[in-house]
Amino acid sequence: MQLKKLPIQNISFLNQNYFELSFRDEKITELVKPGQFFQIKNPSKKFPLLPRPFSISKVEKDTFSFLIKKIGKVTRSLSELVQGEIVQLLGPLGNGFTLVDNKNSLLVSGGIGYAPMPFLEKELHGKGNHITSFHGGRTGNDIFCREVMNCTEDGSVGLSGFVTEHVEKYLQDNPVDVVYSCGPEPMLKVLVELCIKNSVQVQISMERIMACGVGACCGCVVSVEENNEVVYKKVCKDGPVFDGAKVVWDE
Amino acid sequence: MQLKKLPIQNISFLNQNYFELSFRDEKITELVKPGQFFQIKNPSKKFPLLPRPFSISKVEKDTFSFLIKKIGKVTRSLSELVQGEIVQLLGPLGNGFTLVDNKNSLLVSGGIGYAPMPFLEKELHGKGNHITSFHGGRTGNDIFCREVMNCTEDGSVGLSGFVTEHVEKYLQDNPVDVVYSCGPEPMLKVLVELCIKNSVQVQISMERIMACGVGACCGCVVSVEENNEVVYKKVCKDGPVFDGAKVVWDE
Amino acid sequence: MNKCEIQFGKMKWKNPLTVASGTFGLEYAELFDLSLLGALTTKTITPKPKKGNKPQRIVETEVGLLNSIGLQNPGLEEFIKTDLQKYQEFDTNLIVSISASTIDEFIKMIERLDIQTGIDAYEINVSCPNVENEGIAFGTNEEIVFELTRKITSVTEKTVIIKLTPNVTSIENIALAAQKGGADGLALINTLYGMAIDVDARKLKLRNGIGGYSGPGIKPIALQNVYRVAQVVAIPILAMGGISNVQDALEFVIAGATAVAVGTQNFVNPFTSIEVIRGLEVYCHQHSVDFNELIGSIT
Amino acid sequence: MNKCEIQFGKMKWKNPLTVASGTFGLEYAELFDLSLLGALTTKTITPKPKKGNKPQRIVETEVGLLNSIGLQNPGLEEFIKTDLQKYQEFDTNLIVSISASTIDEFIKMIERLDIQTGIDAYEINVSCPNVENEGIAFGTNEEIVFELTRKITSVTEKTVIIKLTPNVTSIENIALAAQKGGADGLALINTLYGMAIDVDARKLKLRNGIGGYSGPGIKPIALQNVYRVAQVVAIPILAMGGISNVQDALEFVIAGATAVAVGTQNFVNPFTSIEVIRGLEVYCHQHSVDFNELIGSIT
Ligand SMILES: Cc1cc2nc3c(=O)[nH]c(=O)nc-3n(C[C@H](O)[C@H](O)[C@H](O)COP(=O)(O)OP(=O)(O)OC[C@H]3O[C@@H](n4cnc5c(N)ncnc54)[C@H](O)[C@@H]3O)c2cc1C
Ligand SMILES: Cc1cc2nc3c(=O)[nH]c(=O)nc-3n(C[C@H](O)[C@H](O)[C@H](O)COP(=O)(O)OP(=O)(O)OC[C@H]3O[C@@H](n4cnc5c(N)ncnc54)[C@H](O)[C@@H]3O)c2cc1C
Ligand SMILES: Cc1cc2nc3c(=O)[nH]c(=O)nc-3n(C[C@H](O)[C@H](O)[C@H](O)COP(=O)(O)O)c2cc1C
Ligand SMILES: Cc1cc2nc3c(=O)[nH]c(=O)nc-3n(C[C@H](O)[C@H](O)[C@H](O)COP(=O)(O)O)c2cc1C
Ligand code: FES
Ligand code: FES
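Chains as they are written, first to last, in numbering that gives the first Met the number 0: chain G, 0 to 250; chain B, 0 to 250; chain X, 0 to 298; chain Z, 0 to 298.
Hints listed in this document are in silico derivations from the structure and should not be mistaken for laboratory results. Predicted, not measured: the structure shown is a model, and the values here were computed from it. Hints should not be assumed to be uniformly reliable.
Subject to a maximum C-alpha distance of 20 Å in a straight line, what follows is the list of computed DMTMM-like cross-link-like pairs (lysine to aspartate or glutamate) [said to hold, decoys possible]:
#	chain 1	residue 1	chain 2	residue 2
1	Z	LYS204	G	GLU184
2	G	LYS44	Z	GLU274
3	B	LYS32	B	ASP61
4	B	LYS26	X	GLU29
5	X	LYS50	B	ASP61
6	B	LYS44	G	GLU79
7	G	LYS32	Z	GLU29
8	X	LYS202	B	GLU224
9	X	LYS202	Z	GLU292
10	Z	LYS47	G	GLU79
11	G	LYS3	Z	GLU292
12	G	LYS236	Z	GLU29
13	B	LYS236	X	GLU104
14	B	LYS236	B	GLU224
15	X	LYS50	B	GLU79
16	B	LYS232	X	GLU26
17	X	LYS49	B	GLU206
18	G	LYS4	Z	GLU292
19	G	LYS44	B	ASP249
20	G	LYS45	B	GLU79
21	Z	LYS53	G	GLU79
22	B	LYS44	X	GLU274
23	X	LYS204	B	GLU206
24	Z	LYS53	G	GLU184
25	Z	LYS50	G	ASP249
Just chain G, with the same shape it has in the complex (with noise of 0.2 Å):
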C-alpha cells in the first residue's frame, strides 16, 4: 500500500451517473490484482472527511483507472474535477479476487459492481480461462459494455429481467467452475444461493462504509463463518472478496 498524490490523467462521462478516472503511475499499475481497491480522497475539500473506496476497473500499461457511479458527496464532488487536479489514493488495499488458471470463469456483475470486471476479465484471461460475462443493470443506464451478457430489469438492453434469473440457466446449461460477482447485496445473496445449488465456488466482492480502509479501525466487518464459528472480518483486509458460501448475511 501506498499513499499518493496523482495528477488526473483522465476523466470521461459514460452517461449522467457514471464516469471514469484515470491516473497514471507504474509502481501501481505493477502491483495491482483485480478486486481491489483505493482509498480516494479529494484533497481540496476538508468534509466530508472520509475518503471513498474504488475498485480498480482497468489497467493498462502505466495507467489504472476507476468507474464511478455519482450517488452522493463525494462520488458527486470526484465527477466536478478535471484533468491535471490532484487526487489522494491510498492503496491497493484488499485481498483482490483469487485468480484460477485454465478454467470455465462465470463474471457476474450488477449496477456498479461492474467496475472491477474489466481488469479481473484481462487477467482471467491472461490465465488461460474460458470466461463468460453477465451483467444486470436497472435500465440501458447501467450498461457498459456491449461485449458481456446484458440484462436490464426493464428490458430495454439485453436480456430481460434479473441477471440472476439468466445466470440461473447459464448455470443448469454450461460448465463452470468457478463463478466472480460483485454488485448489490441482495443479488449476491441470490446468487451466492444458486452457486451452492450447483455446487459452484463463488468468490464476492462486498462493499461496507469505511473509515480507514487498511484494517486499523475495525469499522467495516460482515460476518463470516470461519470453523463452524460466525465471525467478524473486515472487508478492507479481510476482504473484499470472500468466499460467497461463507458469508453469513446480516438481518
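We have chain G; now place chains B, X and Z with the ligands onto it with these hints.
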C-alpha cells in the same frame, strides 16, 4: 434591511490584494446611506458559517459595489467568484455616517478603511460640503485613487509617513468642521486625540467580529461613554459609526 | 398540505418551529412576519440589567461558533416596558427565557411576568455556560432543578420549560428531576463548553477563555441528548443544537422532539426557521405521515 | 532545527506525537517508519477477546465521525503473542491501551503485561462510550478512578496514563482523582456521545444508536477540556480530539498539553502525525521558542 440573493454584476481586481464586487438592485441603492454595510455570504460554501460585514463603497444608479481586501478564508473565497454567481447579502445594516451640510469636511482613511469613502464623498458633495480627503497605506499597493491626499508608510506613493501626521499638520492650518474616518484602530485612536485637541467633531467607523450583524446576538460590542457611564454599544446596530470622542478604547 | 400543528405543554403551536434564545431578535421582523413561527423565544432576561462579558465575545471556529455574551440584557423591568410590548404584536406564542441567581429571584421574576399579558411560556435557563455562579450551577444539580421547577410550577399556570445543559454526566437525571418538579416541557441543548486559541499570539480567542459552542459541530451531540432524554420523559422536548435545515430538524423530531429551534443558523440565513417549516410540511406530505406521528418515530 | 523532545511521565519522547488508541494500526508501517513517532499507542486490549458491536459501526457526519466499534480486539494473550512482538520492532515508546470490567481484571492485565518487554506505558481506558457496564462507568466516578489508579500504580513501575471521557459534569474532578491516585499522566479526550439518524428510513444510522463522536467537530470541546484540566493538575497531558494539522496541535500544546495524538484524521491522511511533527519544529524555529516553553504558554 433585506435579505437578497444577487448575481455578481462585476468583479474586478485593483491589484493582488484588493478587489471590487458589484451588484445591481434598485431597491437597495435607494435605501443605502454612506457608512452602512452588508453581511455577505457565499451561499455555496457552508463553512466558514458566518457572513462577513463589508461597507458599501460606491453607489451609481442601480449599481452598488464593495471594495474588499483579501485577508482570510471568506475574503479569499469571495475573490474567486465570477460574474453571475449568486451571493447572499443582508442589509443595509448599521447607522451610517451623519451627513452635514455646507461644511468643511475632512475624510481620513487607512488601508481598507478607504472602502466607504467614495460613497461618503459623493453624498457629502451633494450636500454642498467642501471636502478634503486623506488616505494612508503601508505601500503603494494600498492606494486606491489619485484624487486624494495619499500617504504611504514606505513613501513610495504620495506623502511619506503615517496619514495621521499629515492630518495633524492639515488641522493646524485649515478650517475643519467635521472629520469622517474609517481605518485600523490605532489610526482611529490617534486621529480622535488630534480632533479632540483641535475641538473638531469626529465620526469614526468601527470594526468588530460580527455574528448576526443586526443587533440580535450582542456579539460585537464596543465600550462607549454615555451620560458619564461606560456602556456597551453594538457596532452592527448602534454603529458602525460612533462619535470618536465617546469611544472608550479597549485595554 | 399537512399543517404540522402541535401541542407543547399548555400551548398550541401552528407549527413546531421557534428560535433559540439569544440568537434572534425583533430586528428580524424587518425580514418576515414573525407570526409565521410556531413560537418566539426571547433572549434570556435577568432580574437586573446585565452588561454582559467583556469583548471578545464571539469567535467562529472551523465548524461552529463560540460565544461568551454573558447574558447581556436590559433587565426585567426594561424588558417589560419595551420589548414585551413589541413581542405582543405578533400572533404567535411567546416564550420568555429567564435566568437568575437564586430560586427566590426566579420566583419573583415569574410573579412579575405573570401579571403581564401576552406571555405563553417561560423557558428557565439553568444552563448558560457564560455566567459565573448563575445558571450553570443550577443546571448540573438534580435536586436544585427539581426544587426550582417545583416552586416555579406552583406559582404559575403558564407552560414552564426547563432548558438543560449538555455539560453533565447524566442529562437524563436532570431531565427527570425537572419532570418530577412539574415541568411542562424541556428545551435542550444549551451550548457545550468550548474554546479556541490564537496560536500566533498564544492567546485565548475569547476574552473569557471558555465559551459556549454551538452550530453544526454540536449536532450529533445534541441529537444524542434529545434521544436519550426522550426515552425517559413523558413531557415534550424543544430540541436545538446545530439545526441548519429541514433534514437536521427531522433528525431531532424522529429522535423524539415535539418542536425544534433554530439558533446559530439564524446568523447565517435568518429565513432558516421559515424554510424548515415549509420543509417539514413537504416531508410529511411526501411520506404521507402526520407530523405528530413523526415525533419519536425512530426504530 | 528544534527537536521538540519531551518527558512524559517516566518516558522520554523524541517528539510529542502519538496516535490515538483505536485509530491506528501496524498496517501503516507499510507507509512510513513508525519509529518516527514519539510513541505508538495500541488499540484498547481487554482480558478476553472481544467480538465488538454489531455493524453498522461507523457513520460519517457532516463534520466528524461516529463509531461504535465496541472494543473489538483479540484479547490480552493473543495481543502478547502477535501484535506486541511486532510493536517491539519500532524504536519508539509503546503505550498499551487496556480496558477491563473490574479493578481486579485491570490489575491482572497489568501484572501479565509487566513481565513482557518493550512496553513503556499503559493507557487506562476508563472512558469508552461503546461498551456497556465497562469503561465508562469507571470514567465518570471520581472514587473509582482514584481507587483504580492507586491500585494500578502500586503494581507497576511503568508510566500510567489515565484516559478521560468528556461526558462528565466536571472533568477536573476526575483528573484530580487520577492524579491523587498516582497517575503519571492523563490522556484526553475520548469521544463524545453522538448520534445520527437516517430521516428517510427513520432509523438510527449506527446499529447501537449512540456512538462516539470524533473529528473536527469536537475540537473546541476537547481544547476546553485540556485547558481546564491543565489548570488544576501537575502531571502531563496527552491531548487529542479533532487534531487535523499542526495548527490544531499547537492550540492543544499552548492550552497545556505536553503531547498530542492524531486520531480520526489518520483515516483521512495517515501521514498527519508525521506532518505535525515537522510543523511543530518549524513553528518553534520560526517563533524562536523551545517546545517545552510552549506547553501551557497561553496568556
Ligand atoms: C471495496 C469497495 C469498492 C467499491 N468500488 C466502487 C467502484 O469501483 N465504483 C463506485 O462507484 N463505487 C464503489 N464503491 C462504493 C463507493 O465507495 C460509494 O459509492 C461511495 O463511498 C459513495 O460516496 P458518496 O459520498 O458519493 O455517497 P454518500 O452520500 O456518502 O453515501 C451514499 C452511500 O454510499 C455508501 N458509503 C458512504 N460512505 C462510504 C464509505 N466510507 N465506504 C463505503 N461506502 C460508503 C453508503 O452505502 C451510503 O448510503 C465501492 C465500495 C467498496 C466498499
Ligand atoms: C462594519 C464593518 C465594515 C467592513 N467593511 C469592509 C470593507 O468594506 N471591505 C473589507 O475588505 N473589509 C471590511 N470589513 C472587514 C471584513 O469584515 C473582514 O476583513 C472579514 O470579515 C475577514 O473575513 P475572512 O474570512 O477573510 O478573514 P478571517 O480569516 O475570518 O479573519 C481575519 C480577520 O478578520 C476579522 N473578522 C473575522 N470574522 C469577522 C466577522 N464575522 N466580522 C468582522 N470581522 C471579522 C478579524 O479581525 C480576523 O482576525 C468590515 C468590517 C466591519 C465590522
Ligand atoms: C450568541 C448566542 C447567544 C445565546 N444566548 C442564549 C441565551 O441568552 N439564553 C439561552 O438559554 N441560550 C442562549 N444561547 C444558546 C442557544 O439558545 C442554543 O441553545 C444553542 O446555541 C444551541 O443551538 P444552535 O447550535 O442551533 O445555536 C445562545 C447561543 C448563541 C450562539
Ligand atoms: C474508530 C475509532 C476507534 C476508537 N477506539 C478507541 C479505543 O479502542 N480505545 C480508546 O481509548 N479510544 C478509542 N477511540 C477514541 C480515540 O482514541 C480518540 O480519543 C478520539 O477519537 C478523539 O480523537 P480524534 O477526534 O482525533 O479522533 C476510538 C476512536 C475512533 C474514531
Ligand atoms: S475500514 Fe477500518 S478496518 Fe476496514
Ligand atoms: S453582530 Fe450580533 S449584535 Fe452585532
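Structure-based check of all given hints:
no. : hint                 : in the structure
1   : LYS204/Z to GLU184/G : holds, 18 Å
2   : LYS44/G to GLU274/Z  : holds, 18 Å
3   : LYS32/B to ASP61/B   : holds, 14 Å
4   : LYS26/B to GLU29/X   : holds, 15 Å
5   : LYS50/X to ASP61/B   : violated, 41 Å
6   : LYS44/B to GLU79/G   : holds, 16 Å
7   : LYS32/G to GLU29/Z   : holds, 18 Å
8   : LYS202/X to GLU224/B : violated, 28 Å
9   : LYS202/X to GLU292/Z : holds, 15 Å
10  : LYS47/Z to GLU79/G   : violated, 48 Å
11  : LYS3/G to GLU292/Z   : violated, 36 Å
12  : LYS236/G to GLU29/Z  : holds, 14 Å
13  : LYS236/B to GLU104/X : violated, 31 Å
14  : LYS236/B to GLU224/B : holds, 16 Å
15  : LYS50/X to GLU79/B   : violated, 41 Å
16  : LYS232/B to GLU26/X  : holds, 16 Å
17  : LYS49/X to GLU206/B  : violated, 23 Å
18  : LYS4/G to GLU292/Z   : violated, 36 Å
19  : LYS44/G to ASP249/B  : violated, 38 Å
20  : LYS45/G to GLU79/B   : holds, 18 Å
21  : LYS53/Z to GLU79/G   : violated, 36 Å
22  : LYS44/B to GLU274/X  : holds, 18 Å
23  : LYS204/X to GLU206/B : holds, 16 Å
24  : LYS53/Z to GLU184/G  : holds, 18 Å
25  : LYS50/Z to ASP249/G  : holds, 15 Å
Hints 5, 8, 10, 11, 13, 15, 17, 18, 19 and 21 from the list above are not met by this structure, while the remaining hints are.
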